[in-house]
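There are 2 protein chains.
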Amino acid sequence: MSLRSLLLLLVFVAAAHRGLADDGYRLWLKYDPITDVAQRNAYRQAAQYIAADGSSIVLKTAAKELQRGLQGLLGQPVPVVAKVESGSTKRGILLIVSPTANVSVTGHSQDGYRILAQGRNLVVTGRSGAGVLYGVFALLRELQTGQPVSNLAQASSPRIQYRLLNHWDNPNGTVERGYAGSSIWKWYELPNNLDPRYTDYARANASIGINGVAINNVNASARYLTPEYLQKVKALAGVFRPYGIRVYLSVFWAAPKVIGGLKTSDPLDPQVKQWWAAKTEEIYKVIPDFGGFLVKANSEGEPGPQDYGRNHADGANMLADALGQHDGIVMWRAFVYKANSNGDRFKEAYEEFKPLDGKFLPKVLVQVKNGPIDFQAREPFHPLFGAMPKTPLVLEVQITQEYLGFATHLVYLAPLFKECLDSDTQTKGPGSMVAKVVDGSLDQHRISGIAGVANIGSDRNWTGHPMGQANWYAFGRLAWDYHLTSAAIATEWAKMTLTREPKAVATIVDMMDKSRDIYVRYTTPLGLHHIMGESIHYGPQPWLAKAGRPDWTAVYYHKADSLGLGFNRTATGSNALALYSPGVQKQWGDPKTCPLNYLLWFHHVGWKQPLPTGRTLWNELVTRYYTGADSVTWMQQRWASVKPAVDPAVHADVTARLQIQRQEALWWRDACVLYFQTYSRQPIPAPFAPPTRTLAEVKSLVDLYQLK
Amino acid sequence: MSLRSLLLLLVFVAAAHRGLADDGYRLWLKYDPITDVAQRNAYRQAAQYIAADGSSIVLKTAAKELQRGLQGLLGQPVPVVAKVESGSTKRGILLIVSPTANVSVTGHSQDGYRILAQGRNLVVTGRSGAGVLYGVFALLRELQTGQPVSNLAQASSPRIQYRLLNHWDNPNGTVERGYAGSSIWKWYELPNNLDPRYTDYARANASIGINGVAINNVNASARYLTPEYLQKVKALAGVFRPYGIRVYLSVFWAAPKVIGGLKTSDPLDPQVKQWWAAKTEEIYKVIPDFGGFLVKANSEGEPGPQDYGRNHADGANMLADALGQHDGIVMWRAFVYKANSNGDRFKEAYEEFKPLDGKFLPKVLVQVKNGPIDFQAREPFHPLFGAMPKTPLVLEVQITQEYLGFATHLVYLAPLFKECLDSDTQTKGPGSMVAKVVDGSLDQHRISGIAGVANIGSDRNWTGHPMGQANWYAFGRLAWDYHLTSAAIATEWAKMTLTREPKAVATIVDMMDKSRDIYVRYTTPLGLHHIMGESIHYGPQPWLAKAGRPDWTAVYYHKADSLGLGFNRTATGSNALALYSPGVQKQWGDPKTCPLNYLLWFHHVGWKQPLPTGRTLWNELVTRYYTGADSVTWMQQRWASVKPAVDPAVHADVTARLQIQRQEALWWRDACVLYFQTYSRQPIPAPFAPPTRTLAEVKSLVDLYQLK
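Chains A and B, in that order, are what the protein sequence lines are.
Every letter in the first sequence is one number past the one before it in the working numbering, and letter 257, counting from 1, is 320.
Every letter in the second sequence is one number past the one before it in the working numbering, and letter 118, counting from 1, is 181.
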């Protein structure tokens, strides 16, 4: 073949290749060739072969993933050798599983790894195949983000043991609160047809340390416990196993009746116990490394043990008994609130669960949402954290943006997750952070867990909004190590996913890190909450006064009247504040010391009350709505400035979504200031121009999303 | 750059390219390089440039599409030139729009094209830009399927004017009866964000002659008529326009009440008329080439003119009036059947619509499903065809496999579509085929239409089952020319999509062409119908005896008893047969001359009644169930034999789905023979072995799909 024809061929192959815009499918595992020649050569020198010592199936995955990553980054194949030839002068990467590996002493060392430059080689060691796999992804991350590797010496173990995604995916392929297409699980095609996407999903999870997946909605179908569906679940478990990921099932409490043919689902009924024990045995025969059960019971219409006069502990312990000697757990959700309650929904989970502390068997963890209501853009930490020292608590956060603008608003969630993790419950004195409750260190629990409700769907780019990928990534990284900063995680992610151009990275990270606060400002500033569109949970609807239940309205929460705004949860009100430790009560109980971010969560504040900012409540509220909406314009400008550094398709996609976000920020702003103005009877303060549309006009816009 | 480094680079780029398995996204427009060197060179000789004469936006698309196709197939760029240099000796392809172009005289010449080798050049002429675009895709098809082009001379015009896809897509992103992920329309992101997929969708449609799209479910939301959603629709229309595709909307009859604030939706109310007229004006201001309205009214709970004592013509005519001078149409669906009817659902559409023949305004077409019930695997043609000579009738077929095994069963639907089109209504003597009713030639209608309910979703390969793409393709090709054979269409599709290896193509086409008959055999042989799983419409449930309405059960339709099986629709029964012309009545009315495929549609036949096949009804029924299920094994073998010729990922995908199909064919077989055996009390005839499971076991399998 002549040079000329070769060149021509190359031009065409490259053109065909270029034609493929970045569609986001590869997430942060892109492995595009490193263009810095000196750096690439240094890495090439250091990675001339891969040697894997051990037979673990996960170790094999580690070698394969390392090979794949290196081939992409270095632009040349790197062989996996069974054994290093003696006397070889080549430099390589050794992967070693050793039960006594010297990994980080903090955290769960079984999953830990160490990466060390030793002599000619880089050595990745772990106490398990999974540990080495996490080490490999950590090493690849160093290369992807352009770090030197010659003197690498790092060791890390995860602080939390069970790091799970929760999929709210239904058997019909829909995803409850999913905004990225349909479920990625193809139930009609399983177990025969294994979509290659299942493997890519597992790769992505393993790369950020996620080691478990509850694959079905907590509003669960009984289907998954049938022999036929267990075969389908087994097929998925088979794909995930080589990546160190275990499968968990959400269970429908009435399954013994619905598919077992029993007359009851009473957890203390001997037949029911026997049914669950037999079912659990059946599951472990099919899936020997099954992770366990996730349960939503007696919550929002789901059946549960209370239907039989039993309590949550009776239910959870029955399932723990059914697990017997198997290495599985029960995650029992604390997200409960009674229908037509006259009290304060804020308090209900606490009131039901706090008395049960100490009543749960060792295999049970109680899964608590970050805040007391339901994944609002900002909530104070859930009062159960620190209040159940005898029970391991799983922290549940939402990665999918149910209340956070779906897939059209750019909201980077690491700051939200960290705000909760860093909150000091003070239940064992200052420093009793939620993170320490969750990782078990505060109360010396043997097991610990964290769960993120997935934002993953069948959209080509997995998450709808391209920047939503960062929330999946950040959840995994924080589950591993909550000491990482939001900005550090965003920097890693942006470098691997969007661009390696330093100024662009800094711009993007700045924008991401501020985005959640911006969202709060234009939707629910100063501690407003639950004023969004009915049932769809999109757009503003602060005027919602009638719904299926009082605690599904907006007025229940904001309590606007001619005097002021906010929910009085002090002793003169619902007294939900009393659920917190005295130190927290003291700070939050006084409107002067309560952080402004939580102010209206706990206080009914007069419209003209001056705040520490120097403005009255009304003026501060309006200021936040306006500056919040204007900050979206700032984000648009920031994003426009990185255009040369980002793939054009991705850039255009985010640009379009930011336009929508700007429009909808104005929609939120106008809806809320015009509505609350009907109570405050105050003008829009300078320098802000009053909305140019009427409240009625904004209301009709919102109605759109409620139309049949 | 040295030859060596070039070679290395090439290897890597090619490897990266090879790594991309065929994910089906490119459909039949793959344009992979032609590997036959002689053929490629011949094509390269003939296509050295493209010249487009005219300024139509669709003509520009034609040039662009031709360039794209040629670049892929020929492996070299082909320039588009403004004008051919005089004295040039190069050979090229000329695209010409000419109002007097000599296209095929049969059919709608405005969309027709001619391709002719003239002197050095190939000339593609059309009377419109769309005509040239269709000609370009026809030319590319010649190249894709390896036909010689040196003496090309062909002309073609579509027989049917309005060739539409109907999307049953909902505003929340779900698709009613969709089995390929979620809707491809991203309503929350429109109008700002234009998914590149919209363009690829338009390309695929234009390539098979589809010129209209009703983008939303006939169970319609009022949302689409709001100013906000019209902006979103406008954005889609803008993507489709350069491909000659117009947008249509399904309308919610109660829209004047729901979004117009009126007290009524009575079509004769002046305010209602005015509202629709104003709304239509508003639509045309936003979308000047808007196609018109599709209406499901007074059907399955949808509101309609009958709510006000008016009839379908009153409703349709009011909308036609609203369209005024705009170039739009009204497609009014005839799919109606009253709740709790004591009659025969078979007759209801006829009884409601036949008396209205002649009452509709010129812009109205009545849209009739292929058969009288609802998209069963086999139905006799709808008795309205031929019975409404004064009204243009749109034929509605279902491309999505609601009753045909979703996305797990391989069922090629061209034979089903053709069976209906080729049916002779005999209403104007022999030769009065449904096709001639539909294309308007039988009754000299000026307008004609055909609609296919789309099987398109967000799955990467668009249709879930890779072979489902062939059904989309076949619909378009038959809409253009119903004289094409099923096998010819399958051959085109397979060559463009799967392989060019002649023996493999023949094998695949054989399998496809028999697949629908195979499906009928293992599910509903001999004219059985509507015995599938309740509401989900998947799997067998012939024992279903109670449902929301009697005509939603299975027993209503099969009427099995100790004497025999089948629905007596002769004069001694419901007399639905009387709706057909005398010739049809005569043939179908006598069980001896009634085609076996329709037997149980019209006759209650004794279990021991001998059939023309020499077997009793019972033995024939069992034989068909068994041979049908075994034919899936035959399909598996056929598919296995083409493995070397087909992309490995696609081959594995179809292989896995065939495994499921085989299991479910056995499930259907066992369910039906065991259930009907409880009435026939006859043994399974030799050589077939009785099912090894009990009816109760099969029933519990079916229950799975009905579980919460």
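Incorrect hints may appear among the rest.
Pairs count within a copy or across copies, as identical chains cannot be separated in the list.
Straight-line alpha carbon distances no greater than 20 Å define the calculated SDA-like cross-link-like pairs of lysine to any residue that follow [stated by the list, open to error]: (1) 649 with 713; (2) 655 with 349; (3) 297 with 726; (4) 671 with 747; (5) 453 with 725; (6) 127 with 755.
Think of the hints as simulated: they come from the structure by calculation, not from any bench.
Checked hints:
1. Taking identical chains as interchangeable, the C-alpha atoms of residue 649 and residue 713 are never at most 20 Å apart, the minima being 48 Å within one chain and 65 Å between chains.
2. When the C-alpha separation of residue 655 and residue 349 is checked against a cutoff of 20 Å, the pair qualifies neither within a copy, at 59 Å, nor between copies, at 54 Å.
3. For a Cα distance limit of 20 Å, the shortest separation of residue 297 from residue 726 across copies, 18 Å, qualifies, whereas the shortest one inside one copy, 46 Å, does not.
4. In this assembly of identical chains, the alpha carbons of residue 671 and residue 747 lie at most 20 Å apart only when taken from the same copy (13 Å versus 87 Å across copies).
5. Proximity of residue 453 to residue 725 under the C-alpha cut-off of 20 Å is found in neither arrangement, the shortest distances being 47 Å within a copy and 53 Å between copies.
6. For a Cα distance limit of 20 Å, the shortest separation of residue 127 from residue 755 qualifies neither inside one copy, at 59 Å, nor across copies, at 45 Å.
Checked against the numbered hints above, the structure breaks hints 1, 2, 5 and 6 and satisfies the rest.
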